[in-house]
Structures are given as structure tokens and as C-alpha cells.
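Take the given structure of chain A and dock chain B to it, following the hints.
Number of protein chains: 2
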Amino acid sequence: MMKAIRNVGFIGTGNMGAPMAGHLLDAGYGLHVYNRTRTRADELCRRGAVWHDDPASLAEASDAVITIVDAPPDVERLYFGAILDRVKPGGVLIDMTTSSPRLAVRIQAAAAAKGLGALDAPVSGGQGGAQAATLAIMVGGERADFDRALPLLERIGRNIVHCGPAGRGQHMKLSNQVMVASNILAVVEGITFAFRGGIDAGTMMKVLSESTANSRLLGVYGQKVLAGDYAPGFFIDHFIKDMTIALDEADSLGLDLRALRNALAMFEELRRRFSGEEGIQAIARLYA
Amino acid sequence: MMKAIRNVGFIGTGNMGAPMAGHLLDAGYGLHVYNRTRTRADELCRRGAVWHDDPASLAEASDAVITIVDAPPDVERLYFGAILDRVKPGGVLIDMTTSSPRLAVRIQAAAAAKGLGALDAPVSGGQGGAQAATLAIMVGGERADFDRALPLLERIGRNIVHCGPAGRGQHMKLSNQVMVASNILAVVEGITFAFRGGIDAGTMMKVLSESTANSRLLGVYGQKVLAGDYAPGFFIDHFIKDMTIALDEADSLGLDLRALRNALAMFEELRRRFSGEEGIQAIARLYA
Numbered sequence: 001m002m003k004a005i006r007n008v009g010f011i012g013t014g015n016m017g018a019p020m021a022g023h024l025l026d027a028g029y030g031l032h033v034y035n036r037t038r039t040r041a042d043e044l045c046r047r048g049a050v051w052h053d054d055p056a057s058l059a060e061a062s063d064a065v066i067t068i069v070d071a072p073p074d075v076e077r078l079y080f081g082a083i084l085d086r087v088k089p090g091g092v093l094i095d096m097t098t099s100s101p102r103l104a105v106r107i108q109a110a111a112a113a114k115g116l117g118a119l120d121a122p123v124s125g126g127q128g129g130a131q132a133a134t135l136a137i138m139v140g141g142e143r144a145d146f147d148r149a150l151p152l153l154e155r156i157g158r159n160i161v162h163c164g165p166a167g168r169g170q171h172m173k174l175s176n177q178v179m180v181a182s183n184i185l186a187v188v189e190g191i192t193f194a195f196r197g198g199i200d201a202g203t204m205m206k207v208l209s210e211s212t213a214n215s216r217l218l219g220v221y222g223q224k225v226l227a228g229d230y231a232p233g234f235f236i237d238h239f240i241k242d243m244t245i246a247l248d249e250a251d252s253l254g255l256d257l258r259a260l261r262n263a264l265a266m267f268e269e270l271r272r273r274f275s276g277e278e279g280i281q282a283i284a285r286l287y288a
Numbered sequence: 001m002m003k004a005i006r007n008v009g010f011i012g013t014g015n016m017g018a019p020m021a022g023h024l025l026d027a028g029y030g031l032h033v034y035n036r037t038r039t040r041a042d043e044l045c046r047r048g049a050v051w052h053d054d055p056a057s058l059a060e061a062s063d064a065v066i067t068i069v070d071a072p073p074d075v076e077r078l079y080f081g082a083i084l085d086r087v088k089p090g091g092v093l094i095d096m097t098t099s100s101p102r103l104a105v106r107i108q109a110a111a112a113a114k115g116l117g118a119l120d121a122p123v124s125g126g127q128g129g130a131q132a133a134t135l136a137i138m139v140g141g142e143r144a145d146f147d148r149a150l151p152l153l154e155r156i157g158r159n160i161v162h163c164g165p166a167g168r169g170q171h172m173k174l175s176n177q178v179m180v181a182s183n184i185l186a187v188v189e190g191i192t193f194a195f196r197g198g199i200d201a202g203t204m205m206k207v208l209s210e211s212t213a214n215s216r217l218l219g220v221y222g223q224k225v226l227a228g229d230y231a232p233g234f235f236i237d238h239f240i241k242d243m244t245i246a247l248d249e250a251d252s253l254g255l256d257l258r259a260l261r262n263a264l265a266m267f268e269e270l271r272r273r274f275s276g277e278e279g280i281q282a283i284a285r286l287y288a
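Protein chains in written order, with the numbering used here: chain A, 1 to 288; chain B, 1 to 288.
I should point out that these hints are in silico values taken from the structure, not numbers from a laboratory. This one's a predicted model, so the numbers in the text were calculated from it and none came from an experiment. Among the hints, a few may not be true.
A pair counts as met if it fits within one copy or between any two copies, since identical chains are not told apart.
[Claimed, not checked] Derived lysine-lysine pairs resembling DSS-like cross-links, with alpha carbons at most 30 Å apart:
id, residue 1, residue 2
1, K224, K114
2, K206, K241
3, K3, K224
4, K224, K206
Pulled out of the complex, with its shape left as it was, chain A reads as follows (with noise of 0.2 Å):
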């Protein structure tokens, strides 16, 4: 017997958390929050979210977990220093973060050896899905704890898609971010290309858009590109981290991305010569 989703725990209330925790909040939960920086947090608990000064408090209060942070070992430290012990048996852990598949296959392998139930569901659609509310959601883990988790998540996102097992979430979303990784150098390569031949800017845009190289990228990022406007929309820093978990899994399946190895590469280059809080698209100074 499971019982209903009633208080949920939301640690990480940073750009993108803060709006989704909102939406919980709006949704008439009972919201427990966590965050490094607390201030962060100031604007839930004004709307009535409680907060609590450790993870394991939270836990502890929590019919269901969801966590945003930066990165795996983040990811990891809260899971197995707080979460797992605290959270009583029937809740449900959703890890949001994007991070490690086979961090979340131990995850979901120790929450299920103590009666709870594990999903990795990372997302898709930035700030500005996160505030409207239809982040695109890669959901791993047993279909039973999806189903649970559902009415939840609908409140967050819109194209919840659940990809397999534990672990499965991560992989679709890395999937896509290496996808991304030769998507953002294609449209620079491509644009920058063009612009130094003298084709004017109407005319590429035109011709590549209708041609077998347009792309998603291209619509978003191509005006950009020859604006030189590389205000973040997405962190390289977020996008370094991304491909370096996607590299580390590619590794652990003897799979060598070469284009994606490269790619990364010439992001490190980009951070180290300018700075990681630009866009991706900033990745065009490389070819000033």
C-alpha cells in the first residue's frame, strides 16, 4: 500500500528549482525546502514552504524527494549522507538533476533495498520552461514509481517521457546534450564560415534554414552567432559538466565519441581563455 504524495521535500531552490518548487506550492503540497544558499530559498517560505537548516530534516519530513543541484557528487552526497536513511519507507526519491546513469542505477538499487522507491528525471527547457512549466521531463526508474510520481510531475513539465529503468532519464538526456555538442558547432562553424566568404546574413540565414543543415540550433542560436550576443540562455559551465558525465558514461559502455571529446575540449579551451557564465554560442570566439 502506498500512501498519497502530500508533503514533498524540494532541495535546490536555485533558477531553475525555485519556479519548479513554486508550482508544487501553487499545487497545494506541502513544501519542504532545502538549499546551500539559503536566501535562495527567502521567496518559497514567504509563500509558505518550510524550510530546514539540514537535508536529513527534510527527509525526514517528506513523502517524496525532489533534488536539482549542480552536479553528481552533489547528487551523490545528498542521496547517500542523507536522503536515503531519513526519507520513511513508501517515499519516492526524484533526483531532477542532470548527472551520472549509473549513479542513479545505485540510487534506485539502495532506495529499493529500503522500501523506497527511486526516479531519475532530468530536464529539458531552461529557466524559461522551468517558470512556464513545461520542462521537457526524461524519467528513468520502475514504472510503478513513475505512475506515482506523475501527478507530480505534470505539475512541473509537459513531455514526460519515460525512457526504461533506473538510469535511463540521465542517458536520454545526455543523449541529447551530445547531440547538442555538435548541433551548437555546426551552426558556428557553418555561419562563421559564411560570414568571412562575404554572404550577407539574410541570405544565409535563408538558404541554410530551407537547406538539409538546418537544425533547431540553427533558429535559435544563428542570429545570435552573427550578433556576437552570448548571453547565456545555456552555461557553458552547465554544458561543460553535461558532456564531461556524457563522455564518462560513452567511456563506460567502450564507446568513444570522438566529435563530442573534441567539442569538449574546445568548450575547456573557451572557459579557460574567456569564461564559463556565457551562452554556448559563445563558443564563435574561438574562431575571431
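Same frame as chain A, but now just chain B:
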């Protein structure tokens, strides 16, 4: 005073050229043909085209000459060895080979000195587009020559864009190929990574095609990569030729296209280890 184009010389009646020339026959132009392998012009000659044993004789009989041959050295030999000396003043020369922008500039200058117009007008859309007369045509050259050639080009393609002075048609086409090089690697690496991680085909295609990673090539090649279907499509040999021209052109602009360089090295390895006569999606073989 420009005389009307009545007689068109067509050099290169291969997979692309033969259907293109056929559309001009259908439109009532006098068609003169030359091809390295004569038998590939037989069908056109049965339909009324006049065979010439050499390009010079063809050039003398033509008000406009269209060439669509293998590579820049072929183009250079044809234009500087025969066409430029033999077409009568007032004629228009149209090279539809994917070739070097700088060669196109040289041809146009030499043509102008002899009272001829010259256009570089490479196409996109493959054999299917050639047969259906729906090719995209990217044109470089003088506006007046473009206007004069337009009735001819409209028999061959749709989406006919004047991209600027001599060389810009080639440059625009190469920009497209620069983007395709990274886009096809994006598709292959993303799909291979998802597949090896155990994501099922339907799930990955659904999620990726709705994501920021979507591209026209994902739609064209995604299922083929999953099915191991490497039939061309777009030949590896032709793609290597185009990438080589693009890298050479980038070099002349002081531009290092690192993702393109990496892609070219991979496609050369693919040809060495397997074949150049499969479709570009066969780059998936390097990840097997």
C-alpha cells in the same frame, strides 16, 4: 545587346546532370551534350540532344554552357582548356559543380575579359531533386548574368538564390556542407550513445525530435543509422571532396574549422577502412 539563349551546352550527364539536362530538352532548348563516359548521354541523344566529341566543339555551338562535373581540377581544365576560348562573346557560362569559390572568381574574371558572363551555381537536393526539378541553386556572379540565366535555372530548380558576386554561390553551398559535417556526427553519436545505453528506438526518436537537438538530418538519417542502412543518399566520396574544398577555402580566410577538420579526418578513415561509396550515415561504422 544580349541575344536570347537558344542552344545550351551541357557537360556532365551523370546522376545529377542527366535529369537536369533532360528538363532543358523538355523546355525546348537546343541541347548539346558532352560527357566523359559517352553512354551516359545516350538517352538524352535519343531524345534529341546533339552529341559532341569534345568540350570545345560543344562550346562553339552553345549560347550558354552548363557544367556539372566531379571536382575543381575538372572544372579548371574544362573552362581554361576549352570553354572560355570557344564560347562566342555574349554567352553565359554556368558551373553547377560544387567547387572552389576562388576558382569561380578566376573563371568569372577570365570570362568578363572575353565578353562572357559566368556564374557559379552549385545545387543541393540530390538526385531526387534533380529528377523532380526541385534543386536548391545557390548562385554567385553578376546580377545581369543571373537574370539572364534564370529562365534556364528555373527549369532545373526551385529556391534559386543570388548569393552575391562570383564565388558566393560556391561559398554558400560550402557553408551548408560545413554544417552537415557536424550535424551528421551529432546524429550518429547521439543515436549510438542512446542505443548503447539501452534506450529503445521509439523513445529516443520521439524525445530527440522534440528536443533542442533536433535537426533535419536527424529526420533523414536517424532511422537509417538505427537500422544499419548505409545506402547512399549522399556519397562519402562526394562529401569528402566538398569538405576538402571547404577546409581549403577556410584556410585561405585564416579560419580554422576544428570540428570540420575532425569530421574530415573521420570520413577519410571511414573510406580507408570501409568504402567511399556508401552514404554519409555510414560514419556510424566507426562507432561499432
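Tested hints:
1. K224 - K114: neither (49 Å within a copy, 43 Å between copies)
2. K206 - K241: Answer is between; shortest inter-copy Cα gap is 25 Å, intra-copy 34 Å.
3. K3 - K224: The answer is neither: 49 Å in one copy and 46 Å across copies each exceed 30 Å.
4. K224 - K206: Both: 15 Å inside a copy, 28 Å across copies.
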